[in-house]
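Just need the whole structure built from these sequences, with the hints factored in.
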Amino acid sequence: MSSQDAWGNQRAAIFYYAASLLLLFLIPWAKEHWHETNLPPLLPEVRTVINLLYLNLAAAFFILVRSHAGRPSLRAPWWVMFAGIAAVLCVIHPVFSGDLMEYLIRGRILGVYHQSPYQHVPAEFPNDILYAHSTWKNNPDSYGPLSVLLQTVPAVLWGNSLKGMVWLEKLLFAGSMAGGIYFFARMVREFGSPGTDGGTLVLFALNPLLWVSTVIDGHNDAVMLSLTIAAVYFLLKEKFSTAFLLWTAAFLVKYTVVLVLPFMLVTALRSVKKRIGSFPWKFAAEEVLVNAALIFVAFWPLWGGTKTFSALTQASGWFYTNTIPYAVRQGLSLAGFSPDPAWLKYGFLVGFFVLYAYWLWRHALEKEQSAVGFFRRLGLVYLGFYLTITIPFGFHYLLWALPWLVLSRWPLERFLITLYAFTGLFSYFKRMNYLLLIAAAVYLTALWAHRSGIFPRSRRAAAS
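The numbers in the working numbering rise by one with no breaks, and the one at position 272 of the sequence shown is 272.
Keep in mind that the hints are not guaranteed to be accurate.
[Said to hold, decoys possible] Keeping only pairs whose Cα atoms sit at most 20 Å apart, straight-line, the calculated DMTMM-like set for lysine to aspartate or glutamate is:
#1 163 x 128
#2 367 x 238
#3 430 x 36
Honestly, the hints are just simulated from the structure, not real lab data.
So, in C-alpha cells, the structure goes:
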C-alpha cells in the first residue's frame, strides 16, 4: 500500500471515529423519546440504541488504532477537532451514573451554603435545586478536598443552571483529561518500548472508556488519573519533588492513588541513594514533611472529624452483587459451598496484599529501572485491586489501570485494550464481575490461539 493510500485510510478512520463519538448524542434523544428517567437506562428500547452505538464505537476505535500502526500520531488539527467534540459532548446529561450530581450538590454545600461537605450532607438542604438528583442524601463527601474545590467552581459560577453546572464541571474534567493525555504522550515518546507508535497514544487518548467516563458521565477519576500520569512522568525524569507534589494533588482528589505511592518511593529512594552513595534520609524527610503539610493544609478548612472519611468506612462493610468476590461466592454456592461473605472478602484482601508485597519486592530488587516493567506493575496492582472491591463496582474504576495497561505493551495489545474498554462500558447492565471474567477468558483464548498459530498471519497482525 502506498503512503498516500495509507494516509487516506487513516483519515477515513479518524472521521469514522469522530462521527461515532458524535452519534452518542442519540442516547439522550432515545431517553427523551421513550421517556427513560433511570440511571443507568433500563428500558429495552433505550438499551438497544446504546448497545448498537457501543458496537459501532468499538469497531470505529479498533479501526482507528489499526490505521495508526507503524505511523506517527495524529497531527495538531485533528487533536483540536477532538477537543471540540469533547466540549460538545460535555453538554449531555449523565447517562449511566448519578455521581456527577453527587459531586455538584456537595460543591453547592460549600460554595452556596458555606458549609463543609464533610460535616453536612445533602439531606440538610431539601430546597436545593439538585436535591432531587441526589441518591446518597445522607452521606458526606467521600473524596479529597481538591475534588471538593473542583465541585464548588460550577456552583459558584453557574449556580442557578443545572445544565450550566453539568457542562462546566465536565469541561473541567475534560481539561484535566487533556493534561493527562499530554503527559501520556510525553511518556510514550520518552519512555515507550521499541515498537511504540501513533497507535499507542490513540489507545489511551481516544479510548472510549476514558471519553464516556469523563465527557458523558462526568466522573472525577480523570482528574486523579491525569495527575498520577504527570507524577509518574516526572518520577521517571527523576524530578522527584515535582512528582510527589503531583501525587499528593492526585491523592487530594481520590484516595485510591495511594496504591502507586510505595512504588514511587522505592524508585526515588533507589535513584537518590545511587547518586549520593548512602540512604537519603534528608531527601526522604523533606518530601514527607512537605507533602504531609500540603495534605494537612488542604483538609484543615473543611475537616469534619471522623465524618471526613465516614462514607468510606461505611462502605467497607458492603458486599455488592457486581463484584468479583460476589461472583466467586456464587460459583462456590453452585458447587455446594456457602462461605461467609466477610471471610471471602478478607481472603481476597489478604491475597491482594500478598501479591502487592511481591510486586513491590520485585520492583525494589531491580538495579536498573525498566519503564515498561514499572508500567506493568502499576497495571497489575490495579487489576489485583479490582479483585478485592466489594463496594458497587463502577465502570469508571477501570480507568485507574488503563494508561499502565497501554504502556505495558502486552501481547495483542490493541485487542486487549479494546476488549478492556468495552467490558467496562457494557457493564451498565450492572454485571461488571461476570463481564470481567468473560473478558479474561476471551483474551486468554485469543492469546493461546495467536501463539498456537491457529489464526492466519494476517488475522494475527490485525488482532495485535
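Tested hints:
With a C-alpha separation of about 15 Å, the suggested pair residue 163 and residue 128 falls inside the 20 Å cut-off, and the hint holds. For the proposed pair residue 367 and residue 238, the alpha carbon gap of about 15 Å is at most 20 Å, so the pair holds. Proximity of residue 430 to residue 36 is assessed by CA-CA distance (about 17 Å); at most 20 Å being required, the pair is judged to hold.
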